[in-house]
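Peer 1: Residues per chain, in single letters:
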Amino acid sequence: MTDRQARGATVPGDRPRTRRRFRAGAWLDGMVVPTVAVLAFVVAYPTLRSIVLSGYNDQLLDPTHIRFIGAANYARLFRDSVFWTSVTNTLAFTAWSVGIGFLLGLALAVLTEHLPPSLRWVRGTLLTPWAIPVIVVAFLFRYMLDQQVGIITYLLVHLHAIATAVPWLASLQWAMPAVVLANVWSQTPFYLLMFVAALKSIPEEIRDAARIDGAGGWQEFWHITVPFLQNTMVVSSLIMVINNFNNFPLIWAMSGGGPVYATTTLVIYIFQLAFSQFDIGYAAAVGTIWLAVLLLLAIAYIRVLERRPLSAVEEP
Amino acid sequence: MFPKLRARRWWPLVLVLLAGLLMPASRPVSAAPTVVLTFVNWASAEPATRPAFQQVVSNFERTHPGVEIKSVPVSFSDILHQLIVQTTAGNPPDISEIAGNDTVALQATGALQSLDGIAPRAFLESLYPSEVTLGRFQGALYVIPWDVAPLGFWYNRTLMKQAGLNPAKPPATISEWTDDMRAIKAKDPDVVPFGLDTTNRSFGLDVNWAFMLAFGAHPLGAHGPNADTPQMIAYLTWVRTLATQGYTLPGKLLGEFRPLAARNQLAFAFDGPYLRGVILSLNTTMTPAQLDATWGVTVLPAGSDGRHYAIPTDHQLVMFKAARDKAAAWAFMQYLASDPTAIRTYTFNSGVIPPLKNATALFPTDMGVATIQGFVRDVIPTVVLPAWGPVYSKAYPAIMTGVQQAASGSGSVADIARQMQAQLQAAY
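Residue numbers (the numbering used here), protein chains in the order written: chain F, 859 to 1174; chain S, -5 to 422.
There could be a bad hint or two in this list.
[Stated by the list, open to error] Among the chain F residues that face chain S by a calculated CB cut under 7 Å, a handful are:
| hint | residue |
| --- | --- |
| 1 | L1027 |
| 2 | L1030 |
| 3 | M1034 |
Calculated from the structure, these hints are not laboratory results.
Ideal placement from N, C-alpha and C gives every residue a C-beta, glycine not left out.
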């Protein structure tokens, strides 16, 4: 390198190459413009429009009285007991679904880790629910839990686990556990898949060393498996927290948010406000709050992913 | 060599594109331009009515060359929000099937075409006057009836007889009826004595409205909410009895009880005349004569005031302002409501009653069916209108969640009535 080059001065011979690099870079940058335009149209515009709508009294059944009401819809949120019930239900539905699905997925991944080749089909079978559309799962469980003809009710009655048939999805007490049960059945294979992949990344030498040092099964799990799976655990849990905050079809098809508001989550409540009561302005206000919560979760997810990429294997 | 190979590789694609471009041009040119009418309906969404409806559409298209009906099937529960979304998006259909409070709600959006000046006077005079009244809003006609379908009281003679009850004497009061349900449940625990719709939807309240009236409860008063009353508490207590004693299955749609009716596992139903068509379509081994021997139709048992109540769930037809060819749209609406072939093909096959005043004279055999006679003779005179309107649309969640709480919870019904009242304040 010459002195001029080292000082950043342009060397005549370099000029064409720099320009070409610049031109190629600008052209490549321009390639994202269509994507940004499409995203602006399908994401940014509806989001902004929804935020604007949340400042209006906009009732679709009364289009002659649409007017700007400022933050009144947000003030209404504080007095709306159904909104707070739906917040509590969203948290409960998400926490139970993620918690149980996570533990089951982890347990199944560890239990099926060393299956002999002749039993590998077991893992494949366990993954099957992941391939079934959520709406099918919802109707499947709705029929299995039916008070009159449901197989689950039938078995529980005949095994004397319950005295009489229970209307699971029409019961204030049982509707949420019933919906969570279906959701866990549907989502556990996701955790299984993630953990099986992560388990394969644990170096066998580390396990061997631990065994030589006299570590038992539980110690190996606690001191080797869990630390190696930490990244996967955090990332997969966050993905499923976001996923369950948005879970509409399963709950809607199974219980419609009822009975009363026992299974009404935020996303169900927004739908009811917008498309059953046609209170678009207030639905937009609830939607904006929901969006803010989801954004926070998404930011947390991205931050975690930046710090703990799934591919990174940190030795404990 | 290389460019030649590439050209060869591309020419089949070019041929396909050319063929695609030429396809529209190669279509046969019809003598008259085709008018396509979009018709949103649940008749084509339900298996029981779909074949007859498709037949009616084919017949209409054959007799009206140049008009094509594009049927859009939407379930009964989703039709209002589908239409509101379409209207708001500037893409309404030409015509739609609609019923109950949904009609009132849709009319309030201002999207409907007034039929004054479109509907001929002779046609309107051929209809039951009460049906024409149902279609008027602020003096203008927006809606015509497709069929007459109030909710009436269906009783299963076979199950009544099995329980030791007199099948020729359906219960006349709520109290007698509750006793009958007890006897039926005691005789066969697998039988569901009654199918009460407790779903949180506008139609759910329509169904419950008649019972509330029978108990003297009027939750939506003219001057404000009126739910925290001894009458409403009595009604909610009765609902709780039905649920806790196993006389009904809580959380079910009215339609979910119909398969039980078809399997002879339902003793009483509060359903429209269309239940006949549904039972016959679900139970293909049952003949119409067997159905008439099994099921009878009469008025709803009377409550504290000794009166009987029925609720209209008539299927109606509306035209949208945006309809491009209003004459063609009207021709189809009138055809559905009054054409003898359409009535024989669809209306009677669906078990419902045509809206024509002289239907009995025009169709003596079909109108002579026992269940239809039960509706015409007994049920129709007891029809009352629920408090349909904007308040009803906002209030039904408060009332129906109260009904659900009574059916599924264990808290005091007096507290439920109080909560209902508090929530209804917001709707006014």
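Peer 1: Each hint needs a verdict: does it hold in this structure or not?
Peer 2: Consistency of the hints with the structure:
1. Annotation: F/L1027 was flagged as interfacial toward chain S, and the flag holds, the nearest CB pair being 6 Å apart, inside 7 Å.
2. Here the hint on F/L1030 is kept, as its CB sits about 5 Å from the closest CB of chain S, short of 7 Å.
3. Residue-level restraint check for F/M1034 is violated (minimum Cβ-Cβ distance to chain S is 12 Å; threshold 7 Å).
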